[in-house]
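Protein chains: 2
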Amino acid sequence: MKLFLRLSYLGTAYNGYQVQGDQPTVQRELTRACAELFGQRCDIVGCSRTDSGVHANMFCVTVAKKGSDELQTSIPEYRIPLALNAHLPEDISVADACFVSGEFHPRYDVKYKEYIYRIYNSPTRSPFERDRAWHYPKHLDDAALANMQRAAQLYCGTHDFTSFMAQGATVAHAVRTVTHASVCRNGDVIEFRVAADGFLYNMVRIMTGTLIAVAEGKIGCQQIPDIIAAKDRSRAGMTAPAHGLYLNSVVYENIPKETL
Amino acid sequence: MKLFLRLSYLGTAYNGYQVQGDQPTVQRELTRACAELFGQRCDIVGCSRTDSGVHANMFCVTVAKKGSDELQTSIPEYRIPLALNAHLPEDISVADACFVSGEFHPRYDVKYKEYIYRIYNSPTRSPFERDRAWHYPKHLDDAALANMQRAAQLYCGTHDFTSFMAQGATVAHAVRTVTHASVCRNGDVIEFRVAADGFLYNMVRIMTGTLIAVAEGKIGCQQIPDIIAAKDRSRAGMTAPAHGLYLNSVVYENIPKETL
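Line by line, the protein sequences give chains A and B. Heads up: the first sequence runs through residues 403 to 662, numbered per the numbering used here. Heads up: the second sequence runs through residues 403 to 662, numbered per the numbering used here.
Keep in mind that the hints are not guaranteed to be accurate.
Since copy identity is lost for identical chains, a pair holds within one copy or between any two.
What the hints assert, rightly or not - Taking lysine-lysine pairs in the DSBU-like style, the calculated list, with each CA pair at most 35 Å apart, reads: (1) K468 x K620; (2) K540 x K513; (3) K468 x K633; (4) K467 x K540; (5) K467 x K620; (6) K467 x K513; (7) K468 x K513; (8) K620 x K540.
Derived by calculation from the structure, the hints in this document are not laboratory data.
Start from the sequences and build out the full structure, keeping to the hints where you can.
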C-alpha cells in the first residue's frame with residue numbers, strides 16, 4: 403500500500419509542480435515534508451504537471467518509500483493531513499489522505515480532470531485577484547459571453563487538439579476527449595470550466611485565449627471546428643497567462659471523491 | 403472642489419490604513435501616489451481607520467492640496483483611477499473618482515458602513531484563504547449557524563455597545579445603530595455581515611468572537627441583550643483576528659453609489 407493525498411496550492415511562489423533542481427516547486431516541498439514526517443526518503447508521484455504560477459484546488463499525489471511501492475507509518479491516515487500541513491508552507495495544504503494499492507498510478511489512472519480558468523473582467527484591477535485571475539479590463543457583455551459559451555461548446559467531443567498545444571511540445575498523440583466546457587460570469591469573474599480525459603501542454607490557456615478572440619470578434623465561434631481540424635497552433639488564439647489557471651478536480655475510477 | 407476616491411485594498415502588507423510614522427500604511431501609499439500624480443503635496447482624509455491586516459472591498463478618501471479644501475488638476479476624473487493605480491502597489495486599487503464639495507468629509511458624512519467578517523470553516527486550511535479569512539477548523543453545523551443568525555439579529559437596533567468595544571478605547575459615547583446583521587454560509591466560508599451608522603474600536607471582531615461563542619454553546623443567543631445591557635467588555639466573546647475583517651461598503655447621503 404502507498405499513500406494517496408489530495409492537496410491544494412496557491413502556485414504564485416512556485417516554479418510549477420515538478421521538481422527542477424533547487425528551484426522552489428510544490429513537489430520539492432512535499433518531498434521534504436514527507437521525509438520529515440515519515441522519517442524516510444520518499445518518492446512523490448503527481449497527477450499532472452502544472453506550470454509556474456498555476457494553482458490547484460485539487461491535486462493528487464502518491465507517496466511511497468524511495469524506490470518502492472510501499473509506505474509504512476504508524477500515523478493513522480486521518481491524522482496525516484494535519485500532520486503534513488505542519489511541515490508544509492501555508493500556500494500548500496493537504497486536505498485528504500488514504501492508503502491505496504501499490505499499483506495505483508496518480509497520472510495514468512486518471513479518469514478525467516477539470517480545469518477552471520478565471521478572468522477578472524473589470525476596468526480596474528482587484529487587489530484580491532492579483533496573481534489569481536487574468537485581468538481583462540474591457541467589459542465583456544452578454545453577447546460576448548454568449549459567443550464564448552457557444553465556442554466552448556464546440557471544444558466538446560473527441561478531437562485532435564494539436565491547434566491547442568504549445569508549439570514545440572511533444573506528445574505521442576494529440577487526441578483528447580473533452581466532456582464538458584462552459585463559460586459563466588459570477589460578478590466580475592468569468593470562469594471557463596473544461597473537463598477532459600487528458601490535456602495537452604498549454605491546452606486550457608490556448609482555449610481561453612481563443613475564447614477571448616471570439617469575444618473580441620477576431621474569431622467567429624463557427625470557426626472553432628476549422629481551427630481544430632487545421633491541427634495548426636497558429637490558427638488558435640493567444641496563450642492566456644498562467645496565473646488564471648486552476649486544476650480544479652481529478653477523478654479516478656477506484657478512489658471515492660471523498661475519502662474522509 | 404476636492405477629489406473623492408473609492409478604493410479597495412488587501413491589508414496583509416500594511417500596518418492598517420492610517421499613517422504611523424514610516425510604517426507601511428495605505429494612507430502613506432496614497433499620499434505618495436497622489437503627490438507623484440498631481441505634482442503637489444496632498445492631504446488624504448479617510449472614511450475610517452482599519453487595523454493592521456484588515457482589508458477593504460470599499461474604502462473612501464478625499465484628496466486635497468495640503469492645507470486646503472481644493473485639488474486642481476488637468477487630469478479628467480474618469481482617467482484618475484488608472485492613472486493613480488500606476489503609482490500604487492498592486493494590493494491597493496482605486497476603482498472610482500469624482501470631484502465633491504470642499505466641505506464634504508469622508509468620515510463625518512458617512513450615512514452607514516457595512517463590514518463583512520469571513521470565517522473559513524473547514525478541517526484543513528486553504529492556501530487561498532490564508533490572511534483572508536479566520537480559519538475555524540471545527541465544523542459549524544446548521545444548528546450552530548441558526549444560533550449565530552439568531553444572535554446576530556439581536557445586535558440590531560440602537561444600543562450602547564460598550565461591551566463590544568476594545569478595553570481602553572476612548573470614545574465620546576458608545577451608542578450606535580446597527581441596521582443589519584446576518585450570518586450565512588457559502589461553501590466553506592461563513593460570512594457575518596453587519597451595517598451600522600458607526601462602529602466602535604474592534605466592534606465587528608468582538609461581535610464575531612461572540613457569535614463563535616454562541617455557536618460553541620458557551621453563550622446562549624438569548625443572552626445577547628444582557629451582554630449589551632451590561633456595558634462590560636468581559637461579558638462578550640473573544641476578539642476575532644483582524645485578517646478576516648473587510649470594510650465592505652461606505653454609503654453617503656449625497657454621493658451616488660456608482661459615480662462612473
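Non-conforming hints, listed in increasing numerical order: Of the numbered hints, 1, 3 and 5 do not hold.
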